[in-house]
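K.L.:
Going line by line, the protein sequences match chains A and B.
Those letters in the first sequence? Residues 1 to 357, per the numbering used here, in order.
Those letters in the second sequence? Residues 1 to 357, per the numbering used here, in order.
Bear in mind the hints are in silico, worked out from the structure with no lab data behind them.
Don't take each hint at face value.
What the hints assert, rightly or not - Okay, the calculated beta carbon distance ranges per label pair:
| hint | chain 1 | residue 1 | chain 2 | residue 2 | range |
| --- | --- | --- | --- | --- | --- |
| 1 | A | ARG322 | B | LYS185 | 22 to 32 Å |
| 2 | A | LYS117 | B | GLU299 | 55 to 65 Å |
| 3 | A | ASP287 | B | ASN107 | 54 to 64 Å |
| 4 | A | ASP287 | B | ALA9 | 52 to 62 Å |
| 5 | A | ASP176 | B | ALA235 | 19 to 29 Å |
| 6 | A | ARG99 | B | HIS307 | 40 to 50 Å |
| 7 | B | GLY324 | A | ASP287 | 27 to 37 Å |
| 8 | B | ALA113 | A | ASN121 | 36 to 46 Å |
To be verified - Listed next, the in silico EDC-like pairs over lysine to aspartate or glutamate satisfying Cα-Cα at most 20 Å (straight line):
| hint | chain 1 | residue 1 | chain 2 | residue 2 |
| --- | --- | --- | --- | --- |
| 9 | A | LYS199 | B | GLU275 |
| 10 | B | LYS261 | A | ASP344 |
| 11 | A | LYS261 | B | ASP344 |
| 12 | A | LYS310 | A | ASP192 |
Said to hold, decoys possible - Listing some non-contacts, in silico: residues in chain B with all C-beta distances to chain A over 12 Å:
| hint | residue |
| --- | --- |
| 13 | ARG218 |
| 14 | GLU243 |
| 15 | GLU337 |
Positions of the beta carbon are idealized from the N, C-alpha and C atoms, including for glycine.
Letter by letter, the chains look like this.
Number of protein chains: 2
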Amino acid sequence: PYIEGEVEAVRVNIVGCFETGPGHWISAVDRTPYHTEFVRSRLTPELRRDIRLLKGFLIGSGLYGAEIRVEGISGYLSELLVIGHAGFTKLLRSVAGWRPPVYIELNGSIGRAEALKQFPNAPLILPDPVDPARNVAAAVSTTKLAEFILASKLFIRSPSVSFFKPPEVVMAEEGDRELLGVFFKVAELPPDILWGEIKHTMRGVARRLEKEGFQVYRAGAAQSGNEVLLLYELAGLTLPRYELRMGPPVWMENALDFIEKTLSRGERAAGPWVEGERLYALLRREDTEADRLLRRWIEAGQVAVSHGLKEELRRAEILTSRSGLFERIKENKDFREFLYSLLDGVSPPIRHLGRRS
Amino acid sequence: PYIEGEVEAVRVNIVGCFETGPGHWISAVDRTPYHTEFVRSRLTPELRRDIRLLKGFLIGSGLYGAEIRVEGISGYLSELLVIGHAGFTKLLRSVAGWRPPVYIELNGSIGRAEALKQFPNAPLILPDPVDPARNVAAAVSTTKLAEFILASKLFIRSPSVSFFKPPEVVMAEEGDRELLGVFFKVAELPPDILWGEIKHTMRGVARRLEKEGFQVYRAGAAQSGNEVLLLYELAGLTLPRYELRMGPPVWMENALDFIEKTLSRGERAAGPWVEGERLYALLRREDTEADRLLRRWIEAGQVAVSHGLKEELRRAEILTSRSGLFERIKENKDFREFLYSLLDGVSPPIRHLGRRS
Numbered sequence: 001p002y003i004e005g006e007v008e009a010v011r012v013n014i015v016g017c018f019e020t021g022p023g024h025w026i027s028a029v030d031r032t033p034y035h036t037e038f039v040r041s042r043l044t045p046e047l048r049r050d051i052r053l054l055k056g057f058l059i060g061s062g063l064y065g066a067e068i069r070v071e072g073i074s075g076y077l078s079e080l081l082v083i084g085h086a087g088f089t090k091l092l093r094s095v096a097g098w099r100p101p102v103y104i105e106l107n108g109s110i111g112r113a114e115a116l117k118q119f120p121n122a123p124l125i126l127p128d129p130v131d132p133a134r135n136v137a138a139a140v141s142t143t144k145l146a147e148f149i150l151a152s153k154l155f156i157r158s159p160s161v162s163f164f165k166p167p168e169v170v171m172a173e174e175g176d177r178e179l180l181g182v183f184f185k186v187a188e189l190p191p192d193i194l195w196g197e198i199k200h201t202m203r204g205v206a207r208r209l210e211k212e213g214f215q216v217y218r219a220g221a222a223q224s225g226n227e228v229l230l231l232y233e234l235a236g237l238t239l240p241r242y243e244l245r246m247g248p249p250v251w252m253e254n255a256l257d258f259i260e261k262t263l264s265r266g267e268r269a270a271g272p273w274v275e276g277e278r279l280y281a282l283l284r285r286e287d288t289e290a291d292r293l294l295r296r297w298i299e300a301g302q303v304a305v306s307h308g309l310k311e312e313l314r315r316a317e318i319l320t321s322r323s324g325l326f327e328r329i330k331e332n333k334d335f336r337e338f339l340y341s342l343l344d345g346v347s348p349p350i351r352h353l354g355r356r357s
Numbered sequence: 001p002y003i004e005g006e007v008e009a010v011r012v013n014i015v016g017c018f019e020t021g022p023g024h025w026i027s028a029v030d031r032t033p034y035h036t037e038f039v040r041s042r043l044t045p046e047l048r049r050d051i052r053l054l055k056g057f058l059i060g061s062g063l064y065g066a067e068i069r070v071e072g073i074s075g076y077l078s079e080l081l082v083i084g085h086a087g088f089t090k091l092l093r094s095v096a097g098w099r100p101p102v103y104i105e106l107n108g109s110i111g112r113a114e115a116l117k118q119f120p121n122a123p124l125i126l127p128d129p130v131d132p133a134r135n136v137a138a139a140v141s142t143t144k145l146a147e148f149i150l151a152s153k154l155f156i157r158s159p160s161v162s163f164f165k166p167p168e169v170v171m172a173e174e175g176d177r178e179l180l181g182v183f184f185k186v187a188e189l190p191p192d193i194l195w196g197e198i199k200h201t202m203r204g205v206a207r208r209l210e211k212e213g214f215q216v217y218r219a220g221a222a223q224s225g226n227e228v229l230l231l232y233e234l235a236g237l238t239l240p241r242y243e244l245r246m247g248p249p250v251w252m253e254n255a256l257d258f259i260e261k262t263l264s265r266g267e268r269a270a271g272p273w274v275e276g277e278r279l280y281a282l283l284r285r286e287d288t289e290a291d292r293l294l295r296r297w298i299e300a301g302q303v304a305v306s307h308g309l310k311e312e313l314r315r316a317e318i319l320t321s322r323s324g325l326f327e328r329i330k331e332n333k334d335f336r337e338f339l340y341s342l343l344d345g346v347s348p349p350i351r352h353l354g355r356r357s
């Protein structure tokens, strides 16, 4: 619910809100004028500069933004962090020593124990001075918080302007890495809704792959126009030809059933045999390739995907690094950069290290 | 310490022992005359016949013998089991309902709770009537006990003379199963000492393979003259080309060390990156083949092998189903039968099932 326009090449959003008193919020953005007021009341010229420094620092490591796609640090959180720590350098010194879960007292403190109880599972807690029932850092993921801690440690040990430059895309070698890519089209949706569904689906596919025996080293998602790419790096793109099936202990009622069923299975390769107190058998797998298996699971509805992407995923294109994945993205800059950055795999804060030398 | 000879094609052992009173044993076999006396005092013509039946039944499922190679049921234990259960059929009905750990009261019972305390980890406990401090079933492994339970269940549901015939070797197809074989020569040693070392070494190799990322489906050992074969069926004979290395959480002191060391490693393929609160990196493996890796670990002393087999193992021949394992054992009947029975993988008690039809 906002208007977007451009003023002299700067993109401007106009977001309407209700004029309410604190605590009587009607829409999600009604707090904003109070946020502005709070921040303004605490600002000094030095703090203004330091907030700009922090925001540059966060952009430089891909940590800026509370969107679901980023799961990073919002503008308001940046401002409160600098105000709360009385400056950029002091903040970074503090962050370098953080260990999650982190609780930050600003004003009207509720105490660490109370905060951990009120905001369970949040890696970073900073109660909103305008509304203490709300955690300003609710959107920050553990990974992004950890990258912030790491960036601070690296910067303090060896400060450099490179930390304020957005990470470059490093062209990594394709090599013989085992990648699985799922391409699908998406409808136009507000980014946070779409990215909530993308991330949920990304994890669902990873969980299914792992459950069936694939080892998932990394997972990532990228968007290019109305197309999404889920990318997985696996230990291998094929499962072993044979699968060990564990049966019941011999003293169970159903031990003889397991034996009879197994002996009559066409895919039985060996067994049943006894090891310890249990029965085991070796079955031959019909399909062993990740792309074929994933397509089958999606068609059978055996992957926990977001409801909104179900149909899109059924029509997905599934490619591997052996079947033409690199060829498919050759012409798409967004996907290519995303793929290269996953192949390179160096966290943005760490990438600044190399650039210094 | 015994004399072996042959009398009309029957192998005869003469074992000397000391004449002592119960409880004043000097050598391990001093109990034997008392065992004989105890068993004789309880025998009836029916029990004699039933003991022969049980021994035939156990031989028919490869469960007879307390040697370390077999880890099964000794002659004396067979006799006590039949006497204690007043016959073969009653015994098998009882065994079919067993669930380990099993405690059998004969005479001078010590009670179940006391027995479990006195013989911890023993799947089957039958205190020696001649010496209650000794478990007659000490040599029985969980696997063999479970096979005994299974054989009893199968026999009771559908009795057949086939259960009294030793299991035949089934010629299994070689197929594309992933096998690793370790051949080595051994010196002449008492079988129980040698087989203690063989089993210890067999497990040591399996543990090392698993620790490094191989999935071991089955392991077995066979002897042919002065040669031993350790055989492993694996999910795959190669490890993934890349290895995920987990680093410390970012808030640990050594997080920056991990980053610097990883960045300087020649085998670094990707990373370090942050996932959750931890650092990770992807390293390229130099060797990925099971046989090459195992040879290297043995040479580096990184496999927990029996001391007595250390030198033999250094000179071992390591072959896989891809590198000539089948060719190597083609001429050796013992190894061939052992390999086929592992490929077939059907427990002897279960093998009787198929034979009936």
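K.L.:
Now tell me, hint by hint, if it's right for this structure.
P.N.:
Okay, the hints, checked on the actual structure:
1. A:ARG322 / B:LYS185: 22 to 32 Å: Given range 22 to 32 Å: violated, Cβ gap about 43 Å.
2. A:LYS117 / B:GLU299: 55 to 65 Å: holds (56 Å)
3. A:ASP287 / B:ASN107: 54 to 64 Å: Cβ of ASP287 (chain A) to Cβ of ASN107 (chain B): about 60 Å, so the range 54 to 64 Å holds.
4. A:ASP287 / B:ALA9: 52 to 62 Å: Holds: the Cβ-Cβ distance is about 56 Å, inside 52 to 62 Å.
5. A:ASP176 / B:ALA235: 19 to 29 Å: Holds: the Cβ-Cβ distance is about 20 Å, inside 19 to 29 Å.
6. A:ARG99 / B:HIS307: 40 to 50 Å: Since ARG99 (chain A) and HIS307 (chain B) have Cβ atoms about 46 Å apart, the given range 40 to 50 Å holds.
7. B:GLY324 / A:ASP287: 27 to 37 Å: Holds - the Cβ-Cβ distance for GLY324 (chain B) and ASP287 (chain A), about 30 Å, lies within 27 to 37 Å.
8. B:ALA113 / A:ASN121: 36 to 46 Å: holds (45 Å)
9. A:LYS199 / B:GLU275: Holds, at about 15 Å.
10. B:LYS261 / A:ASP344: holds (17 Å)
11. A:LYS261 / B:ASP344: holds (17 Å)
12. A:LYS310 / A:ASP192: holds (18 Å)
13. ARG218: Label violated. Min Cβ-Cβ 8 Å, cutoff 12 Å.
14. GLU243: The claim breaks: GLU243 (chain B) does not keep its Cβ more than 12 Å from every Cβ of chain A (closest is about 8 Å).
15. GLU337: Nearest chain A Cβ is 15 Å from GLU337 (chain B), so the label holds.
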